[in-house]
Amino acid sequence: MDTAAPQQGKLFQFKLVLLETQLPVGLLVLRFVKDQFDDYRESTIGAAFLTQTVSLDDETTVKFEIWDTAGQERYKSLAPMYYRNANCAVVVYDITQASSLDKAKSWVKELQRQADPNIVIALAGNKCDLSARRVIQTEEAQAYADEAGLLFYETSAKTSVNVEELFISIAERMPLDMLANRQRGANARGLDLNRPTESGCAC
Amino acid sequence: MATFAACQDLHRHPSTRNAGLAAISFCAKDNVDDELHGVPPVTSQIFGQCQFLKSLSHPSLCEYLDAIKGKRDRIFLVQEHYNNSLALVRMAQDSEDKGAALKGPHISKIRLWASQLVDGLEYLNTNGIAHRALSGSNILLNEDDHIKLFNYGLYTMTRGGSLVEFSVGDPHYLSPITLGLDPMSHNDYSADLWSVGVILTELFLRESFWRKDNLDLEELMGSLFAIRKLSIGAQNWIEACDEASIGINPEVLRFLRTGTRESDGTWDTPEEVKELASFLRTCLDVDGSNSKEAEELKDHTFLKNVKIEQNGAKGNDQQDQHSPIQKPIIQSSYLVNYEGEVDRLRERIAQGNLSTNSDGSDNGGHPEVRHKMLAKLPLPQVFYLWKLAGGDVEAQFRRDGRLVGTPAIRLLPKSVQVAGTSINTIVEDGREDRIAPSYVRDIADLFSDKPCILALDNLEAEILKSINEPNKDQFSWDTYYFLMSDPDELNFLVNTTWDEKDNGSAGSFLYPDAMQSPSGLLSSTAAKYIPHLSSDSPATAAAASGSPSKSGSGSGTTIPSLSQQSSKSRVRVPLATREKDLGYQYQRLSMFTDLLLQYPTSRAEITHHSKIDIPPVLRGKVWAAILGVIGDYQTVYDGYDKYTEKPTDRQIELDVPRCHQYNQLMFSPAGHEKMKRLLKCWVEANEDQVYWQGLDSCCAPFLTLNFNDEALALGCVQLFLPKFLRDMFLHDNSSVIHEYLAVFRHLLSFHDPELSSHLDHIRFIPQLYAISWFMTLFTHIFPLDKIYHLWDKILVGPGSLPLFVGIAILQQFRTELLRSEFNEAIGIFSGSFPEMDIEKCIESALAMCRVTPPSTCWLSYDPECRKAIVSSRKHRSTAGEGDVPGAADAGLIDATESDEQDLEKRMSTSSTNLNWAEAVVNRDEEKGEASPEPELYWWEEPLPIDVLNVELAPRIHRSEFVRMRQQAFVIDIRPEPDFRSGHYPLSIHMLVNQLDSLVHILKKLKKNYLVIIANKGDSGPEFASALVREGFPRVAVLMGGMDSLRIPELAPVLSSSNNNTGGNAANGNSNGSATPASGANTPSMTTTAASSTVVQPTVCTCRAIRQVISTPNRNKDEVVVFKCKTPFISKRALQVRRGNAE
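Just so you know, the sequences run in chain order A and B.
When we follow my numbering, the leftmost residue of the first sequence carries the number 1, and every step to the right adds one.
When we follow my numbering, the leftmost residue of the second sequence carries the number 10001, and every step to the right adds one.
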């Protein structure tokens, strides 16, 4: 994966939020960003932040700011903070856990209702290396993804199957013509008394 | 009684007074292949399992002191050790002339040994351990010829030998029952009794049990199988076996059959010998189906007399009879000796007399005790000091030529496996080994029975040398670590009402050090060398400080002298150096051991000394003492269901194997099991709260420190969480977290406005990075070694300290952060912080904490915060508290009760005010304080989270405003009419829109604090935020503005002379009504000014302010003067003044 952005090409920057319904958290993103798989990685509390760039072609580089949210259901209440302003989201479920797809579906619903209306959502069925323990069939998930208009991949953080493909196809789906430098609010709150801090009195 | 403070780690059993240290070493099986499939490495399995052995204590056992993981799957086990052993006794027998008069052990000695062996084995058995490796060489004898079993854990920790590549046990003493059986199926000690039988037979008969000592291994096995076969068929192999075919020494067999021996010229009566033979027959009985019960054997006629004999002969070993011995093993006289030792040590040092063997008079019948200082120390501490003195077990093995090993070059594979070929073999050291193609094990010395002695000969001299080093007085600086403050600064940790109910940390920072107390001062140079030596500190310090109820004032008097201590003359010794310093650690150990023995009475004392540092070996116990774990926590723990499946189990199962896995204990399978049990217990014990990810990290420090005492770990967690992570683990904790983070943001603005406004500007809000900091109190971002040091201080600090630690962390990255945009900033905090200097971090956190008014850290969900207000309003005399045991007595139960209250309180979050008062009242009623609680004023009510999130600056309470008024610059931004109708005398008036023109003037003012007074609902907080953005540090808004200053109770708080006329003004909120206050104190309000002495300064002050502001720049003058030109004196005040004059 080409991590160095070409100088003359266009650099697009997107905020990506990773919502997982199944643990271990963050392994998918770790595989994507660092090409590592570590069973012993500490759990995510609150959220973890990572960045990764993908080159689509010589001209175009996409930089993802990835928010990896905590895996535990309880931390769900914090999620809106992270998916606010997100351009894309990856909702991960575990193909070996029957309930995880339902939870993924509820995430998708919440995103479609609460998040940016133009958000690109991808559904990832993780742990496809454990096909022997599979309980959620590919067809079932695919059908749901088609119906809800999601990108869909079955991935494995452990063996890195489809991980990069997932992120590249998200990048391709993004409206690249729109300048991706999303503005961060400089809107001052409350009483506007903002002024440059370096102003000092000479006297 | 708190048991953690009285167990073996703090005491030394008298029978071990001359114990040495020794280590054995072995290599674990190599399971590289299995590890790929998720099986933990064998070394970790063994390492985890052998931790438990450290908790065993019995007079017949050599204590396990430590387990160390070496290189290449090697494990070192350090144990108590004695030079004499039954093997040596046997060898001595053999070397004696056979024809000479029999000097073999008296039969009563055999009887004693047999009884001690059975005791020890029974104790092991009740703890689920079978020795399985008994031989003469690992049955040691102390100087009283008492049995001390050695290396008894090998079989258990290697899971029946299945985790190592050598066989455990000496075949000559191997029981036939064990042959061909699943290693772990026979966990009882019948197999060990066989070995006992063989060993004792040999000792008594002075003959080898087997036909000849070098019986071929194959023959031996043949004989064992033959015995086994016989015992399955017939009932007694001894009778049934064929003398010729079986490999047993004929003389032995005859003795076992007849109970007589050939050369019977001894002092033993035939009856005794017969009894012995019968006993041995029982031991050697190989009945595969039912194992021998301990009682059966103990009731054997041979052992029946043993108690009477022992009691008669050996008065000093009486406690051996309490079998199995439970911790603690303690004699009251022992303590006295211990203290005496410290005194003697001190004297000796004072005299410069360092000879280690001065007098042997006070040893009470044990004149041959070798190391006087060490003899009293518990063995784990001796081992710890040995390491501090430069000892290294692995190096010791190498020095002894034990780990010669194979040169690395020879470990390279001699042939390379070509795909498809079969196993390679190499011949090395005469042994044929299967090897993996890429990895060759150094098989040298997989296991050796021979212990490696860790010499203690020079340790005592080293300690004394270290204590007496010339620059040792540097260490005493650390006494002032917490008390140090700039004379120009306030110290809110001194003499506040904050947290006054907690005795430990209340006096806390104002607590005068023992050395500073009058009695401490008289001690000469010796005291300097031994700053905290224990024997006098409990007494003097208790006298000096006592509990606040006794002498709260005494402590206050010593503060000035402390703060005047010049810091420049002393160099502070870094913590790392202190922890490595042998002499210092010896003293600290002695002192903390002493203090812990007196826990819980000594709790305040322990807390005080812990502020300096905590000796690493005692950390687990000291933490428990600071937290106040008390009562029968073991029973509490046992009462919790750790096994029923719960919905949270899945999450716990997933989190535990990822929690602090770099740590050997946490990584071991035993550690995983313990952590799961601990978390399940916590879930069960706290039904109002739930398991959040992160709780595992919080528990890790307590578990690793109390690895063999899960109950204590739970007890600590149960007291720790309510104090420092209050309500963080409620099912819905978002309001708690968000408020905590809002307060954090305010405090950051307070101390580092530039950083705060920058982070605010780039939208780098604490929610994005700090949740894991505070949810886990930094355990999620720091490794455990750093956490220990950080928590050492957090535990003894105020509950708000973690917030300041968070600021200190941010400040260590200050320059990078100020340069960063959002992405870079978040990048800094997405990893861990390997470079973080914890000591520096703590130091700056404390520095900030000291100068911060505690009311800025108030949390709406923490009743303790508001309680401080209420208690400040009450008469001081009632503020006294019960002493520690009383307060902490409730222990675990108290914590859960208050949690329930909180839950109730949280149920109705809407009408907070009423509930607040109730909660406070309830808590006080529990404590038996009858005085009614005043209601909270409107400004004391918690603010909604939205309001907090918008504001940048914190708010302070008037009680603290009063304290800092001398160092504060007060800006009044109310509309002018309000200002005219009454204002705080030292305040200046300013309108919000004048900030631009006045900023540069304000910057010239060198005041420590900026306090804003505004009307309710006015733009005070916004104005304060604007000041923060301008870079003003320590900006705060006064809670309630003028309203809070008008209430009647202020007078007693303001003045120490306390002429409170309060009460006549029914309601402080009555606006503008002048309250006649008779107090003749300078700082008071103009509105309440009733006497001439008050009015006069008011006028002057206004003028002074005008000068201050106008002097720097004349042309700005009019702005200010305009605001201040009408110094306000109420007509009524003037009248009163006239009246007074007349």
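If you are wondering where the hints come from, they were derived from the structure by calculation, not from laboratory data.
Possibly wrong hints are sitting among the right ones.
[Stated by the list, open to error] Here are the simulated DSBU-like cross-link-like pairs (lysine-lysine), alpha carbons at most 30 angstroms apart as the crow flies:
1) A:158 x B:10029
2) A:76 x B:10642
3) B:10786 x B:10676
4) B:10723 x A:76
5) A:109 x B:10029
6) B:10646 x A:76
7) B:10029 x A:103
Going through the hints against the structure:
A hinted pair counts as satisfied when its Cα atoms are at most 30 angstroms apart, and residue 158 of chain A with residue 10029 of chain B qualifies at roughly 28 angstroms. Restraint check for residue 76 of chain A and residue 10642 of chain B: satisfied, since their Cα atoms lie roughly 27 angstroms apart, inside the 30 angstroms limit. This hinted pair checks out: residue 10786 of chain B and residue 10676 of chain B have alpha carbons roughly 23 angstroms apart, not beyond 30 angstroms. Taking the CA atoms of residue 10723 of chain B and residue 76 of chain A, the gap is near 26 angstroms; set against the 30 angstroms cutoff, the hint holds.
For the hint linking residue 109 of chain A to residue 10029 of chain B, the alpha-carbon distance of about 52 angstroms lies beyond 30 angstroms, and the restraint is violated. For the proposed pair residue 10646 of chain B and residue 76 of chain A, the alpha carbon gap of about 20 angstroms is at most 30 angstroms, so the pair holds. Annotation: proposed proximity of residue 10029 of chain B to residue 103 of chain A is violated, straight-line Cα distance about 44 angstroms (limit 30 angstroms).
The structure fails to meet hints 5 and 7 from the earlier list, while all remaining hints are met.
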